[in-house]
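Visitor: For the protein sequence lines, the chains are V and H, in the order given. Counted from 1, the first sequence has number 103 at position 103 by the numbering used here; the numbering is strictly sequential. Counted from 1, the second sequence has number 24 at position 24 by the numbering used here; the numbering is strictly sequential.
Hint data in this document are derived by calculation from the structure and do not stem from the laboratory. Note that beta-carbon positions come from the ideal geometry of N, C-alpha and C, so glycine has one too. Misleading hints may appear alongside valid ones.
Mimicking BS3-like on lysine-lysine, the simulated pairs with C-alpha atoms at most 25 Å apart in a straight line are [claimed, not checked]: (1) K73/V / K25/V; (2) K125/V / K73/V; (3) K117/V / K53/H; (4) K53/H / K125/V.
To be clear about the criterion: a stretch of chain V counts as covered by chain H if any three or more of its residues have a C-beta under 8 Å from a C-beta of chain H, and this derived list gives those stretches [unchecked claim]: (5) 42-53; (6) 69-82; (7) 116-123; (8) 126-138.
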Amino acid sequence: MPVRVQREDFDAGREIAQLRAADPKIGAVAAFIGVARDVNDGAAVATLTLEHYPGMTERALEDICTQARGRWKIADVLVIHRVGELRPTDQIVLVVVTGAHRGEAFAACEFVMDYLKTEAPFWKKEETGAGARWVHARARWREPGTR
Amino acid sequence: MKLTVLYFARLREALEREREVVDVPDGVATVAQLRAWLVGRGEPWASAFGEIKRIRAAIDQAMAQDASPLHDGAEVAFFPPVTGG
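If we strip away everything but chain V, and leave its shape as in the complex, we get (with noise of 0.2 Å):
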């Protein structure tokens, strides 16, 4: 259950083929991507820096994965998110969420993507043609089918 906060970008492709290592009995692989917008609430976005607290953020995501695993039958779940200055187009983070089917690993990972949103400490911070603005915070997550 891999977990990790870092200034590089990542291949997501290798990194779906190392928690995958081969193993016969995984039937689905879901995977989301988030990616640096160039617009956002109307303003175009130069530069995004992401700021995190060291040791905490780790721990929150970790526990993000535990919950999952406790909440649905799936093999293996990996967070890479990445923290510094970063560009329209940029990735920012990937959840990958290994099982059996399809339905269970659609749900873990969009649960631990909405989950790692409103509970790991992470804060953007956008330059804009204006200026720098903190990134405000969105709703809470609900459960699926609830939004």
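Once you've looked at the hints, dock chain H against the given chain V.
Guide: Below, chain H alone, put in the same frame as chain V:
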């Protein structure tokens, strides 16, 4: 009781510091009481904690609530709502 207090993101910028070690008096035993004590010292804590909405706290790197108890040597963090992903 000695505490290490950490600040992140917009709160860190508003306070112009990322950490401080404080020695709080008896009676400062919870997150809410620590926050009130910090604000009671005046600026810049009063304005920063007043202007930034929904500030959350963690004790020893685990999410905490207003009533969560502090202990000597604890690492207490304050930060705005998170915006990762």
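Visitor: Does K117/V pair with K53/H here, judged by a C-alpha cut-off of 25 Å?
Guide: holds, 17 Å
Visitor: Hey, K125/V versus K73/V, does the alpha-carbon distance stay inside 25 Å?
Guide: violated, 36 Å
Visitor: Count the residues of the region 42-53 of chain V whose Cβ falls closer than 8 Å to any Cβ of chain H, and tell me whether that reaches three.
Guide: holds (count 4)
Visitor: Against chain H, does the region 116-123 of chain V show at least 3 residues with beta-carbon separation below 8 Å?
Guide: With 8 residues closer than 8 Å to chain H, the region 116-123 of chain V meets the three-residue bar; holds.
Visitor: Has the given pair, K53/H with K125/V, been kept, meaning a C-alpha gap of at most 25 Å?
Guide: holds, 16 Å
Visitor: For the region 126-138 of chain V, count the residues whose Cβ lies under 8 Å from any Cβ of chain H; is that count three or more?
Guide: holds (count 5)
Visitor: Given the hinted pair K73/V and K25/V, is their Cα-Cα distance within 25 Å?
Guide: holds, 12 Å
Visitor: Taking a Cβ-Cβ distance under 8 Å as contact, does the region 69-82 of chain V have three or more residues in contact with chain H?
Guide: Coverage by chain H is violated for the region 69-82 of chain V (1 residues, Cβ < 8 Å).
Checked against the numbered hints given earlier, the structure breaks hints 2, 6 and satisfies all the rest.
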